[in-house]
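Produce the entire structure from the sequences given, and follow the hints as far as they go.
So the chains spell out like this:
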Amino acid sequence: MSTRWYPIYQRGNPQLRVFLPNFWMKLIRPTEEQPPNVVTFSVSMEMTKYDVRSYLEKIYKLPVVDVRTRIALGETKKDQTYGYITKKDDVKLAYVTLPREESFVFPDFFSEKAEKQAKEEKSLDESKEGFRRFLDRNKKRPGTPGWFSI
Amino acid sequence: MRLTKTLCAQHIGWHFKKHWLVQGKRVPKETGAVAELLKLGVQVKNPEDLLNGKVERKIVDIVGTRVNTIPEDSSHPDWHSTVCHSYSDNNVLIGGLPQAQVLTNCIEIQTFPKQIEDVIASQQLPNSIDKSIRHAILASHVLDAEQVKLPKVRLPERPAFNLPRSYGISHERVNRLLVNKLLHETEKLAGRSVSIRRKLIDNATFKTSINKDGDLLGFSINAEKVIFANRAIEAVKGKFEGDLPDLYPMKTTISIPKHHIYQTDNFYPLRTDISCSHPHTIFTVFNKNLVKNAHGSGVTTSQLQARTLIKAFVVAAARARQLHGDSVEGALPKPIVVQSVQTDGRTFHFGVLQLNTLDLSANNPSKNYWFHRQNYDLFSECSYEAGRTHLTNYNGDVFRIFNAFYNN
Amino acid sequence: MLKLSLVNQLRSTYKRCLAGQSLQANVADSEYSAQPVYPEIQDPSFKARKQRDAADWHEEIRQVPTVEEKLIKINIPRYYGYKVVDFNDSKIPYNALPLTQHYTRTVLEDLPPLPGSQVVDQGDQPKPSEDASFKTVREDVIEALEFAHDYYKHQEKLPNSAQPSAVEREQILTQIIVEQLNRALLQALSEDHKHLDEVEVDYNPRHEAFWAVGGVDPPKNVINSKKGREWQKDMANESVDRLVQYTGTPYLSLRHRRQLSPWKTTAESENIELSKQIPRFKHDPRTLGYSTKHQHATNVPGYWPKGNEQNFGLLSFQSRAHLQLRPKSYGESDLQEALHSLAIKSSYAWLLAQANYNGFNTYNELTYPMNTQTVITNGREWSFYEYQLNTLLLHGKYQEDNPRVNFCRGTKPLPLYAEISTNGKCVDFNDATLRQLLNFYANVPSIQRSNEEQQPYVASDISAYENPEQRDFIAKTFKYLASNRPRHLELPEVYLWEKLYKIDNNNRAMEAKRRFFTLDVNPWRRTLDQHDKVYVPRAIRGKSRENRYKKTYYP
Amino acid sequence: MQSLTRLMNTTLTLQMPSRMPAAGVALQQLRGKTKVVEKPKPGAGQQFRRIVHFPEEYTVEPLKITHLAGRDPVSGRLVAKGIGGGIKQQYRWVKWLRDGPTEGAQEELVLEVLRDGCRTANVALVAVGDELKYILATENMKAGDILKTSRLIPRIPVRPNEGDAYPLGALPVGTRIHCLEKNPGQMCHLIHAAGTFGTILRKFDDKVVVQLPSKREFAFQRTCMATVGRLSNPDHNKEHVGSAQRMREMGNRPRSGLWKRKEGKHGRKIRRLPPMTTISPPAPPKEEAIKLTLPL
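Chains as they are written, first to last, in the working numbering: chain Y, 1 to 150; chain H, 1 to 408; chain X, 1 to 555; chain C, 1 to 296.
Derived by calculation from the structure, the hints in this document are not laboratory data. All C-beta atoms in this analysis are idealised placements derived from N, C-alpha and C, irrespective of residue type, glycine included. You may find that some hints are simply not true.
[Unchecked claim] Reference excerpt, derived from the structure (chain H facing chain X, CB under 8 Å, subset only):
id : residue
1  : E146
2  : P151
3  : K152
4  : Y167
5  : S170
6  : R176
7  : N180
8  : E187
9  : I201
10 : G387
See the structure below:
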């Protein structure tokens, strides 16, 4: 953990009382298929491979075999109204290799939610489809009430 | 605009500036005040020193800083007040072979020693050997697969041309392979009985330093391949007479760079009690891109031959110092014989040095012997053109001498 | 009049066709057959068409007459070189063995102990003559070791401006030891083993090999692109081929005119069950730590084709100096696996490069097995491996269908000596290790094949071509490709601002479309022969306007 | 303005520096501020063509140069037009001082005559003792020649050979010389161009009259050293450039085309040569001017 880097003192009140650590690691879901013993983290930009390794070894007592890091380009987006381009910050990704016996699967917390959402969408689609069929049916007989059928 | 007073008004500040550009530079008149003050015992100081005094910056020791390089001046630990003429691999003696002879106190004998001449004349080589040697030449010059960027080529008559960079086998590698392959063929011919008494080493360094007529000479050379033997080569029988050449108006140390920073220790790459520690033959490579005269001209044949001699001399002298102690001066109890071969992959120069004395002064009656013949070309051209290999004017004599040297 | 006759001719042909006659009926009667012969019914699906195209290309490569042209042919699809996985002898990531086995289709076994050592274990005396010769060899080797160490110790004392790193130091020492030992053993053994007189010794040769591996998951961009097309959606996750380029420099390698005899029979090597058991590494090799690069396919076993008769590898000494750079956390067992992996990939690559000079390549299958022996050493520790190359087909469907497998068998690292004492004497010399090494040298290469059998796909040699211009062109193009020099044109590059403002977000719609990505051109698809031809100056060609450009002779 | 100057002169007992003839002052308008850049005038012996990276000690190694393209190396401003580009040459450091003993003569051996890309005459590599040096080569100099150098002025003039260096007083009238010292001890910096020579015309008092390549006559002190003979490469002035590209290779850019040979201010005028001039001893070194600052 870096000790050199603190927020710059600002005059006036209220003073900053909460000091968040400037080294942090976030477990993220890998975008591509990986061997089961590789874990992906998003880490703070200042952390090096050695920082990541000692962080996991010293705090979480994890058996780290190897750490590889890279910096991923942040996404860009065009503003819909004015057309200027905004860019998200770049992130540092750390690929941590554990011993080959270990395996890590990223937990799927939201599978139920996704299912539910899918179901809802399905019923919505169905009702839309029904309405479209209803409209199609009534296209050729203008002025006839909807309930009228042969 | 009308020519009014306002229009014609001039900015006085501008004139001041222009005026100051000229007037701001003044040479102080000598008023004699300094002399008067000094007479009164008042200290006079330069105003520059008081106004812009030098601030000494302290160097803070931080972990991870690079170590400062040692300045090459009198504070260097290896700095000596006496100057040393330091000969190293890339130096060329401008006087050529005569200078090398005077430098090493050698008389030149333009044949090989009798035993080698006899072997060259009488040796029986199998008929297939020329084919193997041709193959070895091609394998090292053309057929090796190394592809590195070669040195830039300039056309003297078209200095503005930037020719495309060519890739190929580096000069060092061509020579390493050629010498290795020739030695391999020789050892196959010689059989185990001879080759067990030899050991080969790449890139051996030899260092020695010698006093000659009040000048300190330091030598540090590298031999690309060295053959060590378990027994020293016998001294050449017979006595040879001859005079050293006259270099007037040059001194013998001309064109050897002078240094104040040097080490005078002796270095021989093996200890004495190991089985094969006697120097037998050294192979040195001449690369015209690295070895040039101090003034940039190419190396002449005589200068090339001088290089062969000096290298042999340094090896012999380093060995003599190792055997008889650093303080050995004058005649050696037993002469040391070293064979020396220099090549640039195509031209070979063979020579044999017999070191009789380490006393190099000009008036020493006993001399060292340098046996050599002229240069030999192994071939005139070896190339790969239009999908075919070409080797023209192959000269089989070179391998015969090579073989005789190995078996000596 | 003429037209009328043509019409008449056509009419008669049509009539004959209607009558069920063949068009060439009047040319040869032998075209008739009792049973009608129909052309093979071909699967019109996309995948099958793709496979047929690939097979046609492989067949075209096979038909190319010379070794050099075959390599040029393989390189033709890419002007800037293929995107290849960088396999080299200096980087072995953690847990690399499964990937190496998959990428070389290799079964790993233990090297059986020497028959000689078993004899000693049982207490029987070996033949006295053998014992005497072993003793002399042993003395020679110990002497060579002591000599090498003494020289290295002296050399280290020299003040050197650039301090060599630990890896370089190991490489320097091992190079000395290996050269000394090789010389001592060649001398000592050549009297009994005449084949050692004919070996060709390569010093730090250049070993490179290129091959394609199937059964690897496609990268993200390929999946996305396929998912974007309705008809390709189902194929999105189908495995793709990865191209691999090995680059390595052993300390020493020995070559011989004849081949080593195989130690696995054809029946043993063709085993579909065994081939299914080979570990697979389906993920992208970059997830393991390998990197990719763009380069031309090169196959170099240390010399140029038709260089000499010594076309088959006998023994190579590989370096393990770079294993020092692996972190300690990889563990001891992984070091062992790394050595196996190094042995497998270096042996496979060298054999593939040798096979390439006999006309085979990753797309054209071997017709006979090839063998080599590999020693990995740091001077003190020696690991011994034997390798048998049975197949080269690893790409595409062959990953599953090919019944043949390659074999590698090896030992653990064995110490040759414990240490060199301060007075320069060798302590605890290990005879077993030396015996193993001697066994490798004594392994007589005995197989010699006829030219047709050895090189079934090679019809000619470029030096036999009549046209000097063609010879020159092929030789130069081949060297240019194999020299790994950068291409004449710089690699196409997209600047970051262009990615942000032109590709990812279309912010400059009115700008002139000049860059390749706005013109919808993929520069990586540029083929090797898409370049301006060399202009022949008028002074050379004379006044004719016809031969203004030099001809090209791409296969 | 004059009163201002007077005021300054009275308040400061300072002496006006004579304005450097070669130094001009250029005003460059920055935004709202005038930046004063001092740059030299062309001429005065400076070429603004290249700077040579001289090491501390004399060496015969070919030296590296940096092309200036007509710019002043201090201010970086363009001074000389029409210079730029060209093939990078290597500079050979000629040892101008031919120092010899006052009694007897020192002998030197010519080892090689070389072409130097940075000057028109050839240079000769000369060995004496354990020293190597370059001198300018004379017309007929070749490797193996022995040269003599002496500072002795005998009663009867010596019979010199080409390449020998003697004081002017020791040479007979009519001798062709080059590499002449302007004043004794001042490096031999006269007559260096290829094929040129000066001629000793007559002697009077302790002066020797020499006709320089410009045909003008100057009287030098008799102890000034000079080298005997005509400089090498005599055909240099007859050699054609050949092509525009060759001109560029030589480092010259296309000319403006404004200069006319036969008319205008700079054109040809035929005048009588000025009479003989006696070389005056070198001026004492100038005192360094103090630059006073005044934030105006």
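Here's how the hints hold up against the structure:
Interface restraint check: E146 of chain H against chain X, minimum CB-CB distance 6 Å, threshold 8 Å, status holds. The interface hint given for P151 of chain H is violated, since its Cβ lies 15 Å from the closest Cβ of chain X, which is over the 8 Å cut-off. Violation of the interface hint for K152 of chain H is found here, the shortest Cβ-Cβ separation to chain X being roughly 15 Å, above the 8 Å cut-off. For Y167 of chain H, the shortest C-beta to C-beta distance to chain X is roughly 4 Å, which falls under 8 Å, so the interface hint holds.
Restraint check, S170 of chain H versus chain X: the minimum CB separation of about 11 Å is more than 8 Å; hint violated. Because the smallest distance between the Cβ of R176 of chain H and any Cβ of chain X comes to about 7 Å, under 8 Å, the interface hint for this residue holds. Because the smallest distance between the Cβ of N180 of chain H and any Cβ of chain X comes to about 6 Å, under 8 Å, the interface hint for this residue holds. A cut of 8 Å between beta carbons decides the hint on E187 of chain H: the least distance to chain X is about 7 Å, and the hint holds.
With a least beta-carbon distance of about 6 Å to chain X, the hint placing I201 of chain H at the interface is held under the 8 Å criterion. With a least beta-carbon distance of about 3 Å to chain X, the hint placing G387 of chain H at the interface is held under the 8 Å criterion.
Violated hints for the displayed structure, listed by number in ascending order: 2, 3 and 5.
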